[in-house]
Structures are given as C-alpha cells and as structure tokens.
Amino acid sequence: MHTYVVKRLLLSGITLLAVLTLIFFIVRIVPGDPARVVLGEQATTQAIDAMRQRLGLDEPLVVQYWRFLRGALVFDVGKSMVTGAPVLQVIGEVLPSTLELSAAALVLGCVIGIPLGIWSAVRRNRFADYVIRVASLLGLSFPAFVSAILLLLAFAISLRWFPVMSSGNSTGLADHLRQLVLPAVNLALIMAAYITRVSRSAMLEILREDYMRTAIAKGVPPLAVVWRHGVRNALIPVVTVTGLYLGILIGNSVLTEIVFNRPGLGKLIVGSLAQRDYTMLQGLMVAYTMIVVAINLMTDLTYGFIDPRVRYE
Amino acid sequence: MRKLVVSLTFAGLAYLAAAPSALAQKTVLTVGVATPDVGRLDPHVATSNADRGIVAGIFNGLTRFKPGQATFENFEPDLAESWISNAGKTEWTFNLRKGVQCHREYGELTAEDVAYSLQRAADPKRSGFSADLAPLAKAEAVDKYTLKVTLKNPIPSLLGLVSNYTGGFVVCKKAAEEMGVDFARRPIGTGPFMFEEYKPQQFVRLVANKQYFRGVPKLESVIYRYIPSDASRDLAFESGEIDMLFGKQDEPWLTRMRKIPGTVAFAIEPAELNWLNFNITAKPLDDVRVRRAMMLAIDRDGITKFRGSNANRVAISVIPSSDQGAVDLKLPPVDIAKAKMLLAEAGHPNGFTIKMIGSTNPTMATSLQMYQAGLSKIGITLDVQPVDNPTFHVQIRKDLSPLVPYQAARFPIADAFLTQFYLSTSTVGTPTGVTNFSHCNVADKEIISARSELDPAKQKALWAEAQRKILDAVCAAPVYESFVLWAHKDSLVLGYELKGSMNLGPPILETTHFKK
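So the sequence lines, in the order shown, correspond to chains A and B. Everything in the first sequence is counted per my numbering, starting at 1 for the first residue and increasing by one. Everything in the second sequence is counted per my numbering, starting at 1 for the first residue and increasing by one.
There could be a bad hint or two in this list.
[Said to hold, decoys possible] Computed cross-link-like contacts, SDA-like style, restricted to lysine to any residue with a CA-CA straight-line distance of at most 25 angstroms: (1) B/Lys248 - A/Val254; (2) B/Lys199 - A/Ala174; (3) B/Lys199 - A/Leu173; (4) B/Lys248 - B/Glu220; (5) B/Lys398 - A/Val254; (6) B/Lys355 - A/Asp33.
What the hints contain is simulated information worked out from the structure, not anything from laboratory work.
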C-alpha cells in the first residue's frame, strides 16, 4: 500500500507541474492586463508600461515562467499583482471556508441522498420511487443561484431564521453554524440529488444479484437483506462518484459563495480572473489541483475499507 | 401564582439588564459595496469606486469638496487653512493646519508629508493619477507648516488637484516609506476613520480616529461589506444586516428601494456621460456625413426615457453637463430621413455593416442594443463582438474597435474630460495615449489654450468652442447621463445635504450618526 501511495504522489507531482504550466500560459493568453487594473482607466500608456515593468510583466514569458516554477518549488507563489497581499496567505484565509462548506454539503448530501436512493430502489416503480426520482431530477436541474435566492427569501427574509450574509461577524460556534446552514443546504440539494440517483442505480444492480435472491429465499428478513448484503456493496460506486463529485462540488461552490456572501476559493478565482491577477490565479490553481489530487487519492484508499477484495499493488 | 410572579419579576429584571444594549444608540455603520473584494487602499492607486469610497474616510486633501457636493465651485480648506498664489498662478503657497495627527502614532502631519504625497501622486510608477499631476514642477516644504507648489504652467484646477480626490489625498510619509507596497493594505492617513481590519472577501473595518482635527467621529466604526451579488446586497439591506448600499445602476432598483419602509434611496452627481466614440480615421467613419447620420439615428430622448428619468438625464454636450465649462450644444433631435440622406450622399444608400467590440457589462450591453436598434433604421448593422469588461478595456485601448461605447465622469472641470477623450496626444495606441478613442484632433488649440487662460470668462469661451468643434466634427455622439444610485436606512444621518460625491458614494464623516 505504501508503494502505491508513493507512486500516486509522484504521479500527482507530474499532474501538478502540467497544470501549473498550462495555467501559467493560459492566463497570459487571455486578453487583459493587471497593470491596467491596478492603475485604472485614467492611466496613460507610459504609466501602464512603468507598472508592467514593476510587476515583472515586461520580461520574456520564459523568464517569468522559470521564476514562477522556482518559487512554486519552495511553496512561494508570490504576491497578488493587484492587492500586493501574499497569495498563500490569502488562499489560506479563505480555504477553510470552502472546505467547511464543501464538507457540510457532502455530509448533508450523503445523509439525505444515500437513504433516499436505497429506499427508492427498494420501492421501485411505486409511489415513493416516483416522488424521489422527480425530486432528485428537480434538484439536479435547479440552478444553484435560483435555489439560493429562494432559500434566502424564505428563511432569511420571511422567517428571519438565518442571516442573508453567511460570514464575517459570527459571535460563537452556534452563530457560526447558523451562518453555515443555508449555503450548505443549497449546495447539498444538488449533491443529494446526484447521490440519490447513483445510490438508486447501484442498489437496483445489487438487488438483481443471485446472493440477494438466495438470502430472501433463505427467509432472511427483508430489512436485514437490504442492510447486510445490499447497502455495503451498493456503496462502492457511490464512494467513487462522491469522491469525483467532491472536486466538482468545490468548483461549483462559487455561485453559493457569491449569493450567500461567503469567502472561498470560488469567489476568489472569479475576482482574480476579472482582475487578471496572474499570481493569484496560479496560486489558486495549485490549491485546486492539490485538493482534487488529495480527494482522488483518499477515494482510492477508501475502496480498500469498503471492499476487502481491493488490493493495492 | 407566587411562582408566576417571581418568574415574571426575574424576566422583567433580565429584560431591563439587557435593555441598555438594545436601546443604546447604534454606532456601527455597515455599508454594502458591489465588488467581490478590496483592491488597494493606497489612495494613489485606489482606482475602483469601492476603494475610493473607503479611502475618502481615511485620508484628507489640502482642500476638500464641500461635503455632499461634486461641483468645482465648492472647495473648502481641509489640511490647508489658507493659500495664496502669484499673479501668474504658477506658484502656490499653502499654510497647513497645526496639530493634525497621522493615525496609529505616526506623528504630526507636516509640509514634508504633503510635499512627499504630491510627488508620489505625480510618479507614474507609484500612482494611477500621475497624468493629472503632470503640470507639477515642484512641491517643497518651506517650513513645518508651509508648502510651496510650483507648476510648469498655470492650470485651471490646482485647488481640485490637491483636493480630497484621487491624487490629492495626503499620505503620511513615514508610514508610506516604512510599509512600501504593504501601505495599500494598511493605509495610514489623517481622516476621521482609521483602518482597523480586513478579512479577505468579507469586509474592511474602519474605526473612529479620536484625534481627528474636526472632532471625534460620532460613529465608532464603519464596516464595508463586500457583496458582489446585487440580489444578495438588496436582501441584506432588507433584512437589516447592512445600513447603506451601493445600488444597481438602473431605475427599477431606485423605484423598488423607495418602496421599502424606512429607506432613503437617492441618485447623486456626478452623472456619468454615456456616449459613442467614432474613430474618425477608420473607414467608413472617416466621412463626417456617415458619423452625422449615425448620430441622427440614435434617439437620445427615447433611450433616456427607457432607462428612466429619475436615474438618468439626456446628454447636452460631449462632456458631462455638471462639469464646469459644459455648454448646452442643442444637440440635433433624431431625424431618420436626414440620416438616410446623409448616408446616401456618402455613398451608402443601403447602409453598411460595421464590426465593433462591446462589453458584457450589463449597463453597456443594454445601451449597445439600443444603439443597434436606432442604427438599424438607417440600414447600419452593428456587428457587436461581446467580450468581458477587462478584455474590452484592453482591446479598445489597442485601437481595435472603430466604434467605442463608453460611460465616464471625471474631475468636474471641462479640461479633464476634453483632455482625456478629445486631445490628440491622448489618442489610444500612442505612448501618451489615455482614452481618446475617436482620434479627435479638432480642438487641441482650444483645449490647450484654456488650461493656461487666467481670465475665467475667456477660459469658458475656449472650452465652449472646443465642445462645438468636437460636435461639428462628430468625434462622438453623446446620448445620456446616468446618476450614481445609493440607499440607506432613514435612521442614518449623514450630517450634510447630499447632492453629489466625487468618490461616487456618500462621504462618511465625523458628523455621520444614527438617530436615537
């Protein structure tokens, strides 16, 4: 298993280098100029040129790339070209919010999605199945920003149970959790819908297996058949897609972060892109890539715990 | 029964204990701004509207716009108590207030700090407003409280240049030098509020400067919350989580906010001019008849009415109507027949298709659709290639679009707008280029002469002549002007009459407070 982890980490290093190289050149191909953002629309061409020189943007791309790689090797991805703040510090300040939101949405999504998916499979083509299938379809097709506004109107404006702004002034743990509820529910709705469908499909496969029929024929109570023989086997594909989806979830959190006014990587990347903040974008890509690589690695390792047949070689 | 009485008594006592905090006067103002995060709080590179609003509470100028005003006639002393100039208006002496303290124990502000600030603001490597301060030859401290400013040539707006706006903000030298680029994240000034805290993507918190020379601010702190989503910002205001907010720049927003009980929603100066620049060197726009035909096809009144007359007004000149020196040029009304005739004379009886770059910025995109609709009536098809706003600003400065829609307000004196948008040396794509997208060069003589004209009447006449020449050459088609929209709770007292603000947001002063 150790060899497997080391191999995966080495592979991750190569992935990271490829992503860094791609993002370095892509952000520079996109039209736009951080010097223009810093100095504003009234600045003269001379002033813009002077600022580009100060930011090191007048140097050949290869020189800039080499300087960036050297920095990245020692975890120094520089300072924001727009605000001057150290990139890692800024990312470090907002990363916990994104992780917290994603984790909360993941837990909620699994807690809602897995039982619903399994129940739906067990009650196949009955009323409950139809309701769950329609609900999950709605969850998948409903845009996150629309559900976010509806949640705000219902629970923050009409009922006043939760705040509109989900961060910044929490006075304690209870208040902090209160601020987390609406954005987490909003993100979890999509996650739950997705997991419900995957769980249902996986459970339907399992229900058709010979060993399930054997267990029923032997007179094992239906609940025990589903729980003992069905759920654990059905979880393998669910873990796979949940792991993959978590990476997408972190990326998708941007709309939720914006509407609920939460800090986070998604919001940061949108702002940095608008400002053409090259160094911040590069730093963010490093963070994203590392998170996705870590999630994939954890997902792979989780198989071994769920399915004893899996061996790491 | 006895238990009930005891319980009620305790409940009453608990309420009374809590009551002082509930009834205490609110001293924290929360403002919702429309950007995802702070940019730079160094006043000389704070170029976004959101940053400039914050900076205005932290720093002072030598002079200041009268609070709530955005017109050139209303300067009053700020850090300077008085000033005199020589007859030629090239040497100015400012006498500074004594005892003004820089925030965070950075000591007393002296003429040395002011001289340093002006030189810094004039340096293209450290300032986004260096072009404005180009006439500055020297700024030197004569003594601790006396500053001498020498100009290369007289200018009409020195008191404006040293005001509490863009390059005129005074920084504390010791702090700026000590912090270097970090000064943009921990600004030190002399204003009524001091920078206290910043949380990325969440807020900037300012606290009262108890040593402020005009008196202790009534508010204890001001929190600027970054809420980029228009809908969320409005909902946060409605739920009472913010007290003041920057509005979506359209009339329905103003109407909607005015219906919320306890809300004051308003439109303030300076209104930004919206206009279409014609590149007079690009075919087929190099023919003045084509440009005139296009101007005649754009329905200014109709567009203004469509956008709403509480938040907009019809343009009257090639510069904003609130600028000192702006004249009503009596712009011709929409005339499709005449426009078609002019096009036919120019050899385009069936019109033509012209490609241009447009921004996806919602306000600009809507304006473009209305220009398209008007021009289609004379057979001209605007083939708009939409790009995101940062790309738009880069591409139009590379002279890649023969037609450039733009929206702007500048320092409220004709010279600023005329210089940046119509002087030949400001033509985009040249080393000294700023924002002359039309390549206009017909009024250089008047614009330059007006700058050093000491007789105000003659100066105004020169500016008027420049505007007429630019319109005659149809370098631009002015369309409408849009106000800046804000709202706040009616419990908030700004402490002055608000008509306008050069920093595009209501100034938060030492007098600003909440009613009891």
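>> Flag every earlier hint the structure violates by its number, smallest first.
In response: 4 and 5
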